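S.K.: Here is how the chains run, residue by residue.
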Amino acid sequence: MKPPPFAYEAPTSVADAVALLAKHDGEAKIIAGGQSLTPMLNFRLLAPEVLVDINRIDGLGDIVDDGQGGLTIGALVRHYQLETSDLVADRFPVLSAAMRHVAHLAIRNRGTIGGSLSHADPAAELPMIVQLLDATLTIVGSGGERRVRAEGFFEGALTTVLADDEIVTEVALPALPPGTGWGFEEVARRAGDFAMASAAVTLTRVDGVVGDARIAVMGVHDRAIRIPDAEAILTGSDVDGAAITAAADAVRAAVEPDDDLHASAQFRRHLIGVLVERAIGAAWHRAEGESQ
Amino acid sequence: MSGTSPGQLPAKVMISMTVNGDAVSEAAEPRMLLADFLRETLGLTGTHVGCEHGVCGACTVLMNGDSVRSCLTFAIQAEGATVETVEGLGAVDQLSDLQQSFKEHHALQCGFCTPGMLMTVTDALRKHPLASDEEIRDALSGNICRCTGYENIVKAVRAMVAKRDAGGSGA
Numbered sequence: 000m001k002p003p004p005f006a007y008e009a010p011t012s013v014a015d016a017v018a019l020l021a022k023h024d025g026e027a028k029i030i031a032g033g034q035s036l037t038p039m040l041n042f043r044l045l046a047p048e049v050l051v052d053i054n055r056i057d058g059l060g061d062i063v064d065d066g067q068g069g070l071t072i073g074a075l076v077r078h079y080q081l082e083t084s085d086l087v088a089d090r091f092p093v094l095s096a097a098m099r100h101v102a103h104l105a106i107r108n109r110g111t112i113g114g115s116l117s118h119a120d121p122a123a124e125l126p127m128i129v130q131l132l133d134a135t136l137t138i139v140g141s142g143g144e145r146r147v148r149a150e151g152f153f154e155g156a157l158t159t160v161l162a163d164d165e166i167v168t169e170v171a172l173p174a175l176p177p178g179t180g181w182g183f184e185e186v187a188r189r190a191g192d193f194a195m196a197s198a199a200v201t202l203t204r205v206d207g208v209v210g211d212a213r214i215a216v217m218g219v220h221d222r223a224i225r226i227p228d229a230e231a232i233l234t235g236s237d238v239d240g241a242a243i244t245a246a247a248d249a250v251r252a253a254v255e256p257d258d259d260l261h262a263s264a265q266f267r268r269h270l271i272g273v274l275v276e277r278a279i280g281a282a283w284h285r286a287e288g289e290s291q
Numbered sequence: 000m001s002g003t004s005p006g007q008l009p010a011k012v013m014i015s016m017t018v019n020g021d022a023v024s025e026a027a028e029p030r031m032l033l034a035d036f037l038r039e040t041l042g043l044t045g046t047h048v049g050c051e052h053g054v055c056g057a058c059t060v061l062m063n064g065d066s067v068r069s070c071l072t073f074a075i076q077a078e079g080a081t082v083e084t085v086e087g088l089g090a091v092d093q094l095s096d097l098q099q100s101f102k103e104h105h106a107l108q109c110g111f112c113t114p115g116m117l118m119t120v121t122d123a124l125r126k127h128p129l130a131s132d133e134e135i136r137d138a139l140s141g142n143i144c145r146c147t148g149y150e151n152i153v154k155a156v157r158a159m160v161a162k163r164d165a166g167g168s169g170a
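Going down the list, the sequences are from chains A and B. Here numbering that gives the first Met the number 0 is used: the first residue of the first sequence is 0, the next is one more, and so on. Here numbering that gives the first Met the number 0 is used: the first residue of the second sequence is 0, the next is one more, and so on.
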């Protein structure tokens, strides 16, 4: 089908974009890469009065070294930039690895980090990775600027804390501690499809045991989530078989997957445990390499 | 510009871009997809429209050098951009190296997916090593061929990779 009629605005500043969103009071939608929004418009699942195209706003398209081992990523940074950035590969290789699983090149050329986070698909990679990496999102609205931790940003499927007049402008990724290894696992029906399930893990090795554990999963809940129960099991352990199995069981207990055409809930619950086990193994192996 | 009330469509706006080297400027509604602008407004029907929601890859074109789904891009978003379509690759009596490779390897049957395949491969040859058939298949995974003629498409791409890596044109 064809999209419903809409008016189009292309502001050149965040302030102008926010003013347009406020003026249209819930009847406007932001378009960035458009790789999720445009299909919804083509299917007429949405009929906004106005599209506010933020692609012409300067200053949102860069990956910047924060000077403290972390990175600040502008909302308009494309998936392909993240995938191929040397800075990202150096600081957050788990992010580089995840980006290779995001759709296809033509989608990655257009899709943006701000768009993916704001869209909040429960089976998308970036909402999981920003929670894994303890990111902080900068959000600008009529009332000014606020910062929200990634874990508190997602409320459910396609739902976030963003108000109608707010835009995500920046994603800050703080440095990972020394001695941190990572693991990323995903299973999809075909290359580039949405994941049936995916897990991402970082483990920080301190004195031969896990000093800090982070486990995030997606595709198996109404949103990507961290699993604190599983993280607690690994913390302080030397990642032996019993700890890995217990952590995977904790993940299976914490998620509430849905049935759909691609996989049953039962299968997804089984699968996510397997992926978490593999990701833990990879993360610990890398952490040992980092510590030597 | 404000929202629409029933019965009132947003006015057409002038959209200017460079398509296959030619500057074009045409009026279109903001909701017009780039795919439809190319096909309906400019008459460049080489770009095909399959699924209209970004899954099949038939409508893939290059925008500022990058492959994009022209069904997931509004024409108005291409204002000022450089767009390349299959018509820009070569002509029937003067095929590009990539088109020639598809022909030689019988990499098309009905041909519906071919323009999107060609534009996707053009971008992938620039950006990816494509060192193995697995990588080639991965690069093609966003383009669906309902004749299921993938094997020969992989062969055609493999030949282009060899040519590129030997210092040939690559596209």
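No lab work stands behind these hints: they were computed from the structure. Here the structure is a predicted model, which means the values were calculated and not measured. One should not assume that every hint holds.
25 Å max Cα-Cα, derived SDA-like pairs, lysine to any residue [stated by the list, open to error]:
id: 1; chain 1: A; residue 1: Lys1; chain 2: B; residue 2: Gly79
id: 2; chain 1: A; residue 1: Lys1; chain 2: B; residue 2: Val91
id: 3; chain 1: A; residue 1: Lys1; chain 2: B; residue 2: Lys154
id: 4; chain 1: B; residue 1: Lys154; chain 2: B; residue 2: Gly79
id: 5; chain 1: B; residue 1: Lys102; chain 2: A; residue 2: Met39
id: 6; chain 1: B; residue 1: Lys11; chain 2: A; residue 2: Leu44
id: 7; chain 1: B; residue 1: Lys11; chain 2: A; residue 2: Arg43
id: 8; chain 1: A; residue 1: Lys1; chain 2: B; residue 2: Glu39
id: 9; chain 1: A; residue 1: Lys1; chain 2: B; residue 2: Lys102
id: 10; chain 1: A; residue 1: Lys1; chain 2: A; residue 2: Gly58
id: 11; chain 1: A; residue 1: Lys28; chain 2: B; residue 2: Gly87
id: 12; chain 1: A; residue 1: Lys1; chain 2: B; residue 2: Thr40
id: 13; chain 1: A; residue 1: Lys1; chain 2: B; residue 2: Gly49
id: 14; chain 1: A; residue 1: Lys1; chain 2: B; residue 2: Asp96
id: 15; chain 1: A; residue 1: Lys1; chain 2: A; residue 2: Val63
id: 16; chain 1: B; residue 1: Lys154; chain 2: B; residue 2: Thr81
id: 17; chain 1: B; residue 1: Lys102; chain 2: B; residue 2: Val91
id: 18; chain 1: A; residue 1: Lys1; chain 2: B; residue 2: Gly42
id: 19; chain 1: A; residue 1: Lys28; chain 2: A; residue 2: Asp206
id: 20; chain 1: A; residue 1: Lys1; chain 2: B; residue 2: Glu25
id: 21; chain 1: B; residue 1: Lys102; chain 2: B; residue 2: Cys146
id: 22; chain 1: B; residue 1: Lys11; chain 2: A; residue 2: Gly142
Only part of the chain A face toward chain B is listed, based on derived beta-carbon distances under 8 Å [what the hints assert, rightly or not]:
id: 23; residue: Lys1
id: 24; residue: Pro10
id: 25; residue: Gly33
id: 26; residue: Gln34
id: 27; residue: Asn41
id: 28; residue: Phe42
id: 29; residue: Asp52
id: 30; residue: Ala102
id: 31; residue: Leu104
id: 32; residue: Arg109
id: 33; residue: Arg189
id: 34; residue: Ala190
id: 35; residue: Gly191
id: 36; residue: Phe193
id: 37; residue: Phe266
Ideal placement from N, C-alpha and C gives every residue a C-beta, glycine not left out.
S.K.: Each hint needs a verdict: does it hold in this structure or not?
M.R.: The hints, checked one at a time:
{"no.": "1", "hint": "Lys1(A) x Gly79(B)", "in the structure": "holds (23 Å)"}
{"no.": "2", "hint": "Lys1(A) x Val91(B)", "in the structure": "violated (31 Å)"}
{"no.": "3", "hint": "Lys1(A) x Lys154(B)", "in the structure": "violated (36 Å)"}
{"no.": "4", "hint": "Lys154(B) x Gly79(B)", "in the structure": "violated (36 Å)"}
{"no.": "5", "hint": "Lys102(B) x Met39(A)", "in the structure": "violated (37 Å)"}
{"no.": "6", "hint": "Lys11(B) x Leu44(A)", "in the structure": "holds (23 Å)"}
{"no.": "7", "hint": "Lys11(B) x Arg43(A)", "in the structure": "holds (20 Å)"}
{"no.": "8", "hint": "Lys1(A) x Glu39(B)", "in the structure": "holds (13 Å)"}
{"no.": "9", "hint": "Lys1(A) x Lys102(B)", "in the structure": "violated (34 Å)"}
{"no.": "10", "hint": "Lys1(A) x Gly58(A)", "in the structure": "violated (32 Å)"}
{"no.": "11", "hint": "Lys28(A) x Gly87(B)", "in the structure": "violated (34 Å)"}
{"no.": "12", "hint": "Lys1(A) x Thr40(B)", "in the structure": "holds (15 Å)"}
{"no.": "13", "hint": "Lys1(A) x Gly49(B)", "in the structure": "holds (13 Å)"}
{"no.": "14", "hint": "Lys1(A) x Asp96(B)", "in the structure": "violated (35 Å)"}
{"no.": "15", "hint": "Lys1(A) x Val63(A)", "in the structure": "violated (38 Å)"}
{"no.": "16", "hint": "Lys154(B) x Thr81(B)", "in the structure": "violated (30 Å)"}
{"no.": "17", "hint": "Lys102(B) x Val91(B)", "in the structure": "holds (11 Å)"}
{"no.": "18", "hint": "Lys1(A) x Gly42(B)", "in the structure": "holds (18 Å)"}
{"no.": "19", "hint": "Lys28(A) x Asp206(A)", "in the structure": "violated (50 Å)"}
{"no.": "20", "hint": "Lys1(A) x Glu25(B)", "in the structure": "holds (19 Å)"}
{"no.": "21", "hint": "Lys102(B) x Cys146(B)", "in the structure": "holds (16 Å)"}
{"no.": "22", "hint": "Lys11(B) x Gly142(A)", "in the structure": "violated (34 Å)"}
{"no.": "23", "hint": "Lys1", "in the structure": "holds (7 Å)"}
{"no.": "24", "hint": "Pro10", "in the structure": "violated (12 Å)"}
{"no.": "25", "hint": "Gly33", "in the structure": "holds (6 Å)"}
{"no.": "26", "hint": "Gln34", "in the structure": "holds (6 Å)"}
{"no.": "27", "hint": "Asn41", "in the structure": "holds (5 Å)"}
{"no.": "28", "hint": "Phe42", "in the structure": "holds (7 Å)"}
{"no.": "29", "hint": "Asp52", "in the structure": "holds (6 Å)"}
{"no.": "30", "hint": "Ala102", "in the structure": "holds (7 Å)"}
{"no.": "31", "hint": "Leu104", "in the structure": "holds (6 Å)"}
{"no.": "32", "hint": "Arg109", "in the structure": "holds (5 Å)"}
{"no.": "33", "hint": "Arg189", "in the structure": "holds (6 Å)"}
{"no.": "34", "hint": "Ala190", "in the structure": "holds (4 Å)"}
{"no.": "35", "hint": "Gly191", "in the structure": "holds (5 Å)"}
{"no.": "36", "hint": "Phe193", "in the structure": "violated (11 Å)"}
{"no.": "37", "hint": "Phe266", "in the structure": "violated (23 Å)"}
In summary, the structure is inconsistent with hints 2, 3, 4, 5, 9, 10, 11, 14, 15, 16, 19, 22, 24, 36 and 37 from the numbered list given earlier, while agreeing with the others.
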